[in-house]
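These are the residues of each chain, in order.
There are 4 protein chains.
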Amino acid sequence: MIILLRNEADPKNVSALKERLAGWNVKVSSADVFGTEALKLEGDLDKVDFSLVKSFDCVSTITKTGDPFKFASRRNYPEKTVIEVGGVKIGDGSFNVIAGPCSVESDEQICGIAASVKESGATILRGGAFKPRTSPYAFQGLKARGIEMLSEAKKRTGMPVISEIVDISSLPYFEHVDIIQVGARNMQNFELLKELGHINKPVLLKRGPANTIEEFLLSAEYILSGGNRNVILCERGVRTFESMTRNTLDIAAIPILKKLSHLPVFADPSHACGRSDIVPAIAIACCAAGADGVMVEVHNDPVNAFSDGAQSITPAAFSEMMKKIRAVSKINETV
Amino acid sequence: MIILLRNEADPKNVSALKERLAGWNVKVSSADVFGTEALKLEGDLDKVDFSLVKSFDCVSTITKTGDPFKFASRRNYPEKTVIEVGGVKIGDGSFNVIAGPCSVESDEQICGIAASVKESGATILRGGAFKPRTSPYAFQGLKARGIEMLSEAKKRTGMPVISEIVDISSLPYFEHVDIIQVGARNMQNFELLKELGHINKPVLLKRGPANTIEEFLLSAEYILSGGNRNVILCERGVRTFESMTRNTLDIAAIPILKKLSHLPVFADPSHACGRSDIVPAIAIACCAAGADGVMVEVHNDPVNAFSDGAQSITPAAFSEMMKKIRAVSKINETV
Amino acid sequence: MIILLRNEADPKNVSALKERLAGWNVKVSSADVFGTEALKLEGDLDKVDFSLVKSFDCVSTITKTGDPFKFASRRNYPEKTVIEVGGVKIGDGSFNVIAGPCSVESDEQICGIAASVKESGATILRGGAFKPRTSPYAFQGLKARGIEMLSEAKKRTGMPVISEIVDISSLPYFEHVDIIQVGARNMQNFELLKELGHINKPVLLKRGPANTIEEFLLSAEYILSGGNRNVILCERGVRTFESMTRNTLDIAAIPILKKLSHLPVFADPSHACGRSDIVPAIAIACCAAGADGVMVEVHNDPVNAFSDGAQSITPAAFSEMMKKIRAVSKINETV
Amino acid sequence: MIILLRNEADPKNVSALKERLAGWNVKVSSADVFGTEALKLEGDLDKVDFSLVKSFDCVSTITKTGDPFKFASRRNYPEKTVIEVGGVKIGDGSFNVIAGPCSVESDEQICGIAASVKESGATILRGGAFKPRTSPYAFQGLKARGIEMLSEAKKRTGMPVISEIVDISSLPYFEHVDIIQVGARNMQNFELLKELGHINKPVLLKRGPANTIEEFLLSAEYILSGGNRNVILCERGVRTFESMTRNTLDIAAIPILKKLSHLPVFADPSHACGRSDIVPAIAIACCAAGADGVMVEVHNDPVNAFSDGAQSITPAAFSEMMKKIRAVSKINETV
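Chains as they are written, first to last, in our numbering: chain A, 1 to 335; chain B, 1 to 335; chain C, 1 to 335; chain D, 1 to 335.
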């Protein structure tokens with residue numbers, strides 16, 4: 001890391017800065033650049049507070065070398081991470097579609113949808129059991145019972161399953177869940193992330209609606225640095241002023257995340273859009289943009305869904321969408 | 001339009017509202033709905049200030065019928081608008097690629113790029129001559145001389161051309177320009193829009209980075225209601241907190257605009273992303289999402305471009321991108 | 001709740017809607033309004049999924065009566081909530097200043113700052129012990145030991161203290177903490193909020209940077225509906241494209257929250273701005289806008305702060321700020 | 001300007017960069033910093049495209065010295081700009097209140113409001129005649145006739161007046177208008193700004209809802225660099241996801257603009273909030289934050305206003321607000 005000082009820097013301020021740097025136990029060297037002083041920092045830079053360094057009047061610019069997210073960085077780990085669950089490979093260049101209802105509602109519902117989406121080409125089944133809801137008065141999920149139903153659907157169809165965790169205390173229920181999902185609202189629930197760093201299951205981490213790509217990768221880093229290297233990144237929209245959609249899917253995040261990181265990158269057009277009519281078009285666009293997969297809410301009877309009915313597509317619409325997805329993903333592989 | 005009043009509405013406030021409505025010369029009828037009063041408004045509702053109506057304490061909700069953008073509305077005009085310029089059809093279901101440099105720099109530059117992008121499959125040539133720049137100290141374009149060079153490239157290649165207008169006073173220079181572009185910063189320059197409503201040339205209107213889809217369509221309405229029905233809508237990103245891209249392309253705006261309006265819908269991944277490395281991926285995604293076309297900045301020598309070099313792709317990258325674009329647009333037509 | 005149907009509604013869609021409504025066990029009545037059908041819903045509307053209802057083609061508008069946040073609503077509970085801790089009254093019309101360091105670092109540090117801010121007029125002492133940090137490699141707080149130091153400062157100065165909780169498992173350490181803070185990143189950590197609804201301590205809840213005022217009040221509702229009625233709301237900025245500040249403090253949220261809710265409203269200019277030079281001006285503005293208090297980071301030696309040094313003001317700057325705060329809050333009381 | 005290269009920079013890329021820099025006719029010197037190359041640029045740097053330089057792989061960081069906005073910069077011109085119109089001093093440390101209706105509607109209306117706000121302490125009268133409206137079907141202002149009415153009110157009350165310009169062609173009508181306002185939507189209508197740089201009248205420039213503080217100052221620079229040094233900056237809210245207000249007033253922009261520039265800084269709580277009930281609280285907060293003035297929409301009969309009735313306050317509310325404004329501005333001067 002190199003700190004370039006200002007030309008007209010006050011020597012007292014420079015001394016204060018150097019003293020401060022010394023306190024972090026990093027090696028500081030000095031050099032002259034065109035008559036201005038430059039400082040080089042070496043050692044364990046993790047504890048250095050860069051916002052603070054930047055706030056010194058004498059500091060002009062700070063040049064960091066390397067990514068702040070170490071384990072997530074493609075620069076540090078060029079080889080792409082391939083995750084295998086239940087016979088499905090994620091991140092190997094193939095395109096995976098996670099499909100299923102927002103909430104698990106009954107054995108019939110989840111097993112019916114599972115069979116249907118599998119037939120259309122979905123490779124992983126989703127189903128929510130522990131639901132984080134904006135209002136305390138909204139349906140909060142079937143909880144443990146929902147996970148049991150999801151496991152039943154897994155047994156019957158042979159598909160690996162994914163479900164969302166909202167609190168570490170419910171981890172024991174996830175024994176038969178293949179991928180644990182961390183929702184957008186919990187992207188910076190660092191205590192949860194730390195715990196998930198110590199388990200041995202793949203984690204699909206969604207980007208928070210007010211979080212930058214760098215913050216997203218730093219949240220992934222909480223899991224990776226704990227020892228769990230099986231993280232799937234999932235873009236699901238940032239919050240903007242546009243009210244015709246629930247959020248604004250950041251389509252550019254897909255190729256950027258692929259460049260910055262070796263982790264698989266998914267997108268969730270259902271939550272990003274919040275309206276089923278445009279979900280297929282956006283899912284196909286995410287595939288075309290180079291994602292490793294998408295997660296789509298499918299419900300046999302959206303009108304009677306326990307939650308998120310407005311953004312769930314029918315099995316028929318899903319089947320239509322899959323035709324285009326297959327064609328586009330073939331282009332990605334061959335053209 | 002129906003106004004539902006509150007249950008516990010203050011009669012004095014209700015009287016004030018009715019008096020106010022009367023002042024706009026609209027017909028007001030009254031009905032009882034579950035013990036609450038409802039008002040129906042008929043007549044010329046254009047002058048009614050809905051924010052004001054909504055600010056009355058006694059008003060619960062306002063139900064508008066019909067779109068505020070009349071000529072742009074697909075509900076009012078279900079048939080899709082097809083625009084023909086120089087033998088090219090826009091909005092007819094085919095996918096058109098507008099390509100060329102940010103700024104016209106010389107005869108050689110624009111003619112060279114034109115020949116190259118044409119060969120790769122571009123159908124329309126872009127080139128800026130009048131440049132709106134954030135800083136008064138930045139290059140402001142070759143102006144009239146740039147338009148001449150663009151016309152020369154048009155003559156040599158036979159491609160129709162598009163260029164940006166920044167002030168109505170320069171309209172005479174656009175005689176040989178086939179499509180006039182209104183940039184994002186001028187999306188609400190209503191005086192300019194009004195003037196363009198009176199001419200006979202297609203206008204490509206870009207969405208402003210802080211504008212909703214409804215405001216975008218209302219800006220198109222300024223042109224359409226003036227008599228010029230040849231408007232192309234172009235999504236080019238909204239402003240968000242993410243700093244890894246210049247703006248955040250609102251991919252969902254593409255299918256939504258197609259639903260709400262009969263006008264052709266384009267996207268501009270170059271200005272949305274601001275970095276050339278991801279432009280091809282995003283252009284392909286826009287095609288997959290159902291756009292009628294994209295506009296891409298291509299420069300033979302991005303490093304020496306007079307402007308926007310960082311977001312311009314090379315003719316070679318453009319040619320690669322076109323292969324995928326062709327394949328994806330074929331899927332849209334056949335699957 | 002009243003649902004107004006569209007004029008040209010498809011009868012099959014209307015039937016589907018009515019069937020769906022019936023499924024939620026609410027009483028549905030029908031009436032004619034200007035030739036269009038209107039439905040009235042009565043009963044327990046908490047389970048009704050309004051996004052879903054709105055997604056029916058036949059639905060024109062939905063009119064809700066009453067606030068979705070029931071216990072937080074001033075309409076339902078007009079009397080202002082006054083919270084008393086350690087002899088300090090919050091929300092009674094007086095202006096309270098919470099001050100202290102971002103992180104508790106040592107006994108000397110916290111006790112020194114406590115004495116100093118108390119002398120300048122602060123009424124509550126803050127100090128972070130469990131720190132949520134964007135990067136896993138940043139300082140994570142002194143944890144239990146930090147809380148002990150904070151308690152020591154409380155004992156010596158007699159000031160009530162506030163500290164942030166990041167996980168319910170650490171609740172036992174907060175025995176001597178007077179107010180528990182929930183940070184912006186945990187505003188929608190609903191499991192944490194539910195638990196805090198069952199305790200008997202005041203909670204200061206910060207608004208998330210991507211959350212609306214309504215969502216903020218619904219998060220407060222999680223605590224309130226659990227039985228804990230002592231919630232303090234704290235505005236701390238929303239995320240925007242502006243990069244000269246960390247976030248954009250939503251000053252209008254202060255008078256709006258005061259109107260919508262009876263709960264005390266605070267603001268946190270330190271985290272909103274992220275730079276100490278403008279913190280005093282913004283703190284004074286929050287007071288002028290009608291807040292019940294502000295929370296300000298003060299550090300005796302910002303340059304050597306363990307965290308957030310860039311946004312911490314010195315005791316001297318704090319003392320200056322307090323003079324103006326006192327003068328402005330006096331105006332609020334008298335003019 | 002100093003460019004720091006990457007440690008592992010590709011020599012070919014470095015050569016390409018140097019060649020590119022040479023093309024801009026700037027002097028380039030080279031130096032070694034800790035084994036890495038640094039380049040210093042001197043000369044006329046205005047034409048250098050920094051986004052392009054930054055896009056070179058070999059470039060690590062760019063250190064600019066000095067502000068991009070030269071004439072607007074306080075660093076370059078430390079002395080505060082004081083503007084005098086019709087006996088009123090703006091920017092001299094006093095607090096000025098611009099008040100009046102959104103639209104001029106009649107002689108009686110504008111003269112009546114003028115007399116009333118003058119009595120309460122307003123020093124400048126506002127009144128719109130040329131109105132930029134989102135919809136082409138909304139009231140577009142009384143135009144020339146409105147300006148005449150405003151001039152009449154000026155004659156009767158002796159107050160200087162301000163009105164918005166939307167197109168340079170209407171400049172002749174502004175002969176008796178003391179301050180020309182450029183609205184938020186035209187902040188980057190550079191052709192208009194250039195023209196206003198050549199006249200001799202003060203210009204109040206509003207910040208665009210999607211524009212950064214730096215872009216705002218660069219727009220001011222268009223006017224200043226043309227020769228017109230009498231520019232007043234006006235913060236009026238940025239666009240966010242919050243829908244309870246029209247925009248989110250960036251209160252922090254006030255002290256930041258005061259630091260960065262010597263120009264007077266105003267705020268417009270009426271347009272930022274879009275609802276009259278909170279305008280007084282926010283206006284007072286802007287005063288407390290250090291603004292040189294505010295602009296507030298006042299209407300004798302908001303309910304019958306031709307435009308913006310929802311955000312206009314009554315003369316009575318204005319008078320109440322002025323009492324607090326006076327008290328707070330006195331604190332700013334004395335404490």
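Be aware that one or more of the hints could be misleading.
It does not matter which identical chain is meant; a pair holds if it fits inside one copy or across any two.
With a Cα cut of at most 30 Å, we get these calculated DSBU-like pairs of lysine-lysine [stated by the list, open to error]:
#1 K64 <-> K54
#2 K143 <-> K54
#3 K259 <-> K12
#4 K40 <-> K330
#5 K64 <-> K47
#6 K12 <-> K201
#7 K330 <-> K18
#8 K143 <-> K47
#9 K64 <-> K12
#10 K143 <-> K40
#11 K89 <-> K47
#12 K194 <-> K330
No lab work stands behind these hints, which were simulated from the structure alone. Since the structure is predicted, the reported quantities are computational estimates derived from the model, not experimental observations.
Now for the hints, and whether the structure bears them out:
no. : hint          : in the structure
1   : K64 <-> K54   : both (12 Å within a copy, 15 Å between copies)
2   : K143 <-> K54  : between (47 Å within a copy, 27 Å between copies)
3   : K259 <-> K12  : between (42 Å within a copy, 22 Å between copies)
4   : K40 <-> K330  : neither (49 Å within a copy, 49 Å between copies)
5   : K64 <-> K47   : both (14 Å within a copy, 27 Å between copies)
6   : K12 <-> K201  : neither (53 Å within a copy, 45 Å between copies)
7   : K330 <-> K18  : neither (57 Å within a copy, 42 Å between copies)
8   : K143 <-> K47  : between (40 Å within a copy, 17 Å between copies)
9   : K64 <-> K12   : both (25 Å within a copy, 23 Å between copies)
10  : K143 <-> K40  : neither (53 Å within a copy, 32 Å between copies)
11  : K89 <-> K47   : neither (37 Å within a copy, 39 Å between copies)
12  : K194 <-> K330 : neither (38 Å within a copy, 46 Å between copies)
In summary, the structure is inconsistent with hints 4, 6, 7, 10, 11 and 12 from the numbered list given earlier, while agreeing with the others.
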